[in-house]
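Q: Residue numbers (our numbering), protein chains in the order written: chain A, 1 to 134; chain B, 135 to 395.
Be careful, since some hints might not be right.
Below are the DSS-like pairs computed for lysine-lysine, each with C-alpha atoms no more than 25 Å apart in a straight line [to be verified]: (1) B:K204 - B:K223; (2) A:K114 - B:K234; (3) A:K114 - A:K52; (4) A:K70 - A:K114; (5) A:K114 - B:K389; (6) B:K389 - B:K223.
None of these hints come from the bench; they were simulated from the model.
Next come the chains, spelled out residue by residue.
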Amino acid sequence: MRMRTQRSLQDGRRMRRLVLLTLGGFASAAHAHHSSAMFDAQQSLTLSGTVKQFQWSNPHCWIQVTVNDKTGPVEWSVEMGSPSQLFRSGWRPTILHAGEAIVVVVHPMRDGSKGGQFVSATHADGTPFERPSK
Amino acid sequence: MRYRALVAAILWLTTAAAPGATPANDARAAQFKRLPNWTGLWVTSVWQVGLSGRPAGGEQELRENLQLIKAPPYNPEWNNRYLAGLQDKALMDSRNATLKACTRSFPALMEAAWQFQIATLPEETLLVFENGQVRHVYTDGRPHPSGDDIWPTPLGDSVGHWERDTLVVDTVARLSSEPLAPRAWVSMLSDSARFTERVHLVDANTLEDRLRIDDPVAFAHPWDITLRYSRVTEMSRMIPTNCSENDRNPIVDGKIIITQP
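Same shape as in the complex, but just chain A (with noise of 0.2 Å):
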């Protein structure tokens, strides 16, 4: 398992929390389904595993990625946007295969459970993955 964790100074993060409340005195984000607070936006999580299972389905599209721990294989279960938008930026239900080998970057659970807010994903030699060519 390979994990960097990249936190912010915290100063910086003092400084957003300062301009969230003068945005409007509110916590976190909210979208079509549910709000995004239960992700730490200021941290990033990098995971090195394979792709257990791609759920191309409403209201989120989820990539369930299996990465070796030192206690073994431990599952983590990365949110994505709905079908309707994964579309448009180019994917499509065929783009991730079970077994290939994955490197997601993900907002992680606050919580510490084993799950996060897509950021990004490519392959494991770092290229990007592409809709298969019709």
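Mind docking chain B on chain A? Use the hints.
A: Quick look at chain B alone, frame taken from chain A:
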């Protein structure tokens, strides 16, 4: 001569029997011809999202661009209530953290992330959203219902008319117990709120909705907002969103969690 008369009779019968040839249908077809073509898919310019389903600039970008979360022009009494509500950070944090919404009330629906299509018919204009919600704007000259034929609903009651290529919509009877929009948790309106929209095409790929909210009970003056929509060019059909299909985000102990598949 008899042959010519026979042909003429057949022609008369076939044209008279054609469904499009009745005077009513002719008039409707003429009305159709005068309506602007707003076909295609539209999405609010605020929610230009990528694979994550969130705008690239995150929450900060959203808060800068969303119009309905800005402070309404309340009169002193309602403004005091509004400011007091803003102080209840625990309540707002809780509402924000547990927000799960697959529908919106009006006018929040007009600033939601969902794509929509517009069908302009002579009798009404339909705004069909990918989450399944539909706004009916009746343009056949009818007034709003009166008396006990009308009651507050999340989308209210909308009637409209065309001023050249601009659709002018009048909406009343919006449910006042609903906050104005997600994030605007303490922005409330009274039962007297009235909404006027002027919807028109700015260019081939941009639609604009100039929204005026007038609430004589709550506001010091009417509130003018401009909402903009971009044509979706990456897809040519609507893919419906169904929140119950694979909902892996239950709320447990006041927090949204992720379940295993």
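Q: Would you mind marking each hint as holding or not holding in the structure?
A: Consistency of the hints with the structure:
Between B:K204 and B:K223 the alpha-carbon distance is near 17 Å, which keeps this suggested pair within the 25 Å criterion. At roughly 21 Å between alpha-carbon atoms, A:K114 and B:K234 fall within 25 Å of each other, so this suggested pair holds. Between A:K114 and A:K52 the CA atoms are separated by roughly 14 Å; this keeps the pair inside 25 Å, and the hint holds. Under the criterion of a C-alpha separation no larger than 25 Å, the hint pairing A:K70 with A:K114 is consistent with the structure, at around 15 Å.
Of the supplied pair hints, the one linking A:K114 and B:K389 holds, its CA atoms being roughly 15 Å apart against a limit of 25 Å. Distance check on the hinted pair: B:K389 and B:K223 sit about 16 Å apart at the alpha-carbon level, within 25 Å; holds.
Every hint from the earlier list agrees with this structure, and none is contradicted.
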